[in-house]
Each structure stands twice: as C-alpha cells, then as structure tokens.
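Residue numbers (the working numbering), protein chains in the order written: chain A, 1 to 116; chain B, 1 to 110.
Check before you lean on any hint, since a few could be wrong.
Unchecked claim - Only part of the chain A face toward chain B is listed, based on derived beta-carbon distances under 10 Å:
no., residue
1, Y33
2, K52
3, E53
4, I56
5, F64
Claimed, not checked - Covered stretches of chain B (chain A as the covering partner; in silico rule of three or more C-beta atoms under 8 Å from a C-beta of chain A):
no., region
6, 10–18
7, 37–46
What the hints assert, rightly or not - Listed next, the in silico EDC-like pairs over lysine to aspartate or glutamate satisfying Cα-Cα at most 20 Å (straight line):
no., chain 1, residue 1, chain 2, residue 2
8, A, K41, A, D18
9, A, K71, A, D38
10, A, K19, B, D55
11, B, K5, B, D55
12, B, K56, A, D30
13, A, K41, B, D55
14, B, K97, A, D30
15, B, K68, A, E24
16, A, K36, A, E24
17, A, K19, A, D96
18, A, K36, A, E104
19, A, K44, A, D85
20, A, K22, B, E42
21, A, K40, B, D55
22, A, K44, B, D24
23, A, K52, A, D38
24, A, K44, A, E82
25, B, K97, A, E104
26, A, K44, B, D1
27, B, K97, A, E82
Honestly, the hints are just simulated from the structure, not real lab data.
Glycine is no exception: its CB is placed at the ideal position from the N, C-alpha and C atoms.
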Amino acid sequence: DTAVSQTPKYLVTQMGNDKSIKCEQNLGHDTMYWYKQDSKKFLKIMFSYNNKELIINETVPNRFSPKSPDKAHLNLHINSLELGDSAVYFCASSQDLLAGTYNEQFFGPGTRLTVL
Amino acid sequence: DQQVKQNSPSLSVQEGRISILNCDYTNSMFDYFLWYKKYPAEGPTFLISISSIKDKNEDGRFTVFLNKSAKHLSLHIVPSQPGDSAVYFCAASGGNKLVFGAGTILRVKS
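Let the hints inform the model, and build the full structure from the sequences given.
Below, the structure is given as structure tokens:
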C-alpha cells in the first residue's frame, strides 16, 4: 500500500525532448514537493505545493513546470531536456507546510532521469 | 553555499559497535533538524528529529545530539546492525522547506 508513488521509475530520453514524471500520494497530505538529487548527491528542493497552490519555487529553469490537478497529485513536466537535467527526482508529501515537528516528509522511490 | 554539510562521505562500523554520523550547518535561523535514512532504489525515510530548544532526542537505538553553539549535530546508533547500512541524510529547517546535506554512507559489517 504505497504512500507516495512515482512513475516512471526510470526514464531515458534524448536531449530536446519533453517528458513528465507523475506523483501521487494517498496519505491525505496537503503539501507536496519535488526534489532533485544531482550527481553530488545533495537533495535540493525544487517546488512545493500546498492544496494545489505553488508555495516554493526555487531557482529552477522555467523548462520545469509542476502541475497539481488535485492535492493528491503533483506532476513534473520538463521541456527541452538538457544533459544537465540527468538526476534522480523525488516527490514527497507532508501533512502541511511547516517543516517542523510532526510534519515529516514522506518520499517516493525516485525517478532516475537520464538525458542522452 | 551549502548550508548543511556532512563532511564524511562514508563510514564503516563493526556490528554491535556505535555509529556516529556528523552534520554541520551554517544558518543560525534553522530551528529543526532531522535525519533521514535511504536504502538503494528507495526514497529517504524519516528517522529521528530534534528541535533547537533541545540538545538530545532519543528513540530506541538512535540518539540525535544538537550543539547549537557549534552548529553541529550528530546521530548515534547503538548498537549498530547490518540492516542499518544505508545512506543517512541530515536535514535542517527554518520554515517551510528542508535543506539537506549530501549524505553519509554507513556500512555495518557483520
């Protein structure tokens, strides 16, 4: 009974293509996130949404566009893929916004994106 | 400008001994700290946390210590078990987002 799921798990594509990664959580959480784990292994937040509203938008190229059709889903669309976009992308969710007590973030299994 | 640093990329410990994972931070506005554990091909899972008003939090074999003046926290695992072998991420928060370190790979040898 997966709490946070992502599809696909692996994605290999050519430069210049457009691709999407889907994320769904069945925890009833209000807040969802996208993180990128780059080659240096840091997990960096890209976006967060609370009740379908964009809350955090870190310095991310506008080729990346999150879309939240409802609070259980947060999809990530990437246009004109570049080599540097190769990374593992993690979706996460939490009960609400504040990253504090009793508001731990639950992560999906990750999507490994390889751009050739 | 990494605000959360885990300077040891890896650590190897014998089963039954203590594992100590370290984390340093630079932002004095951080008020909540967490440790996450990650197995290969899985997402990170929450392990233990500590508020800045405390200096120690314990949960079973896991204890997190916070030294605010040194901007340093550590995770102690006693006794270490082979199943503890994973990547451990330190994270800090000052509001509505977490800032993660690069992780430390822990290997517990049996």
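Evaluated hints:
With a cut of 10 Å, the hint placing Y33 (chain A) at the interface with chain B holds, because the nearest CB-to-CB distance is about 8 Å. Of the supplied interface hints, the one on K52 (chain A) is violated, with its beta-carbon coming no nearer than about 16 Å to a beta-carbon of chain B, more than 10 Å. For E53 (chain A), the shortest C-beta to C-beta distance to chain B is roughly 12 Å, which exceeds 10 Å, and the interface hint is violated. Given hint, I56 (chain A) at the interface with chain B, holds; its Cβ is 6 Å from that chain's nearest Cβ, closer than 10 Å.
The criterion of a C-beta within 10 Å of any C-beta in chain B is not met by F64 (chain A), whose closest approach is roughly 17 Å, and the hint is violated. Evaluation of the coverage hint for the region 10–18 of chain B: breached, as 0 residues show C-beta separations to chain A shorter than 8 Å, against a requirement of three. Proximity of the region 37–46 of chain B to chain A, defined as three or more residues with a beta carbon under 8 Å from a beta carbon of that chain, is established by the 6 residues found. For the hint pairing K41 (chain A) with D18 (chain A), the CA-to-CA distance comes to about 24 Å; that exceeds 20 Å, so the pair is violated.
With a CA separation close to 27 Å, the supplied pair K71 (chain A) and D38 (chain A) exceeds the 20 Å bound. A distance of roughly 45 Å separates the Cα atoms of K19 (chain A) and D55 (chain B); the hinted pair therefore is violated under the 20 Å criterion. Distance check on the hinted pair: K5 (chain B) and D55 (chain B) sit about 19 Å apart at the alpha-carbon level, within 20 Å; holds. At roughly 30 Å between alpha-carbon atoms, K56 (chain B) and D30 (chain A) are farther apart than 20 Å, so this suggested pair is violated.
For the proposed pair K41 (chain A) and D55 (chain B), the alpha carbon gap of about 28 Å is over 20 Å, so the pair is violated. A hinted pair counts as satisfied when its Cα atoms are at most 20 Å apart, and K97 (chain B) with D30 (chain A) qualifies at roughly 14 Å. This hinted pair does not check out: K68 (chain B) and E24 (chain A) have alpha carbons roughly 37 Å apart, beyond 20 Å. Distance check on the hinted pair: K36 (chain A) and E24 (chain A) sit about 17 Å apart at the alpha-carbon level, within 20 Å; holds.
The straight-line distance between the Cα atoms of K19 (chain A) and D96 (chain A) is roughly 28 Å, outside the 20 Å bound, and the hint therefore fails. Proposed proximity of K36 (chain A) and E104 (chain A) is supported: the alpha carbons are some 18 Å apart, at most 20 Å. At roughly 13 Å between alpha-carbon atoms, K44 (chain A) and D85 (chain A) fall within 20 Å of each other, so this suggested pair holds. With a C-alpha separation of about 16 Å, the suggested pairing of K22 (chain A) with E42 (chain B) holds against the 20 Å cut-off.
Restraint check: the Cα-Cα separation between K40 (chain A) and D55 (chain B) comes to about 30 Å, which exceeds 20 Å; the hinted pair is violated. Taken as a hint, the K44 (chain A) and D24 (chain B) pair is honoured in the structure, with Cα atoms around 17 Å apart against an allowance of 20 Å. Among the hinted pairs, K52 (chain A) with D38 (chain A) is inconsistent with the structure: their alpha-carbon atoms are about 26 Å apart, more than 20 Å. Between K44 (chain A) and E82 (chain A) the CA atoms are separated by roughly 18 Å; this keeps the pair inside 20 Å, and the hint holds.
Proximity of K97 (chain B) to E104 (chain A) is assessed by CA-CA distance (about 11 Å); at most 20 Å being required, the pair is judged to hold. For the hint pairing K44 (chain A) with D1 (chain B), the CA-to-CA distance comes to about 12 Å; that is within 20 Å, so the pair holds. For the hint pairing K97 (chain B) with E82 (chain A), the CA-to-CA distance comes to about 26 Å; that exceeds 20 Å, so the pair is violated.
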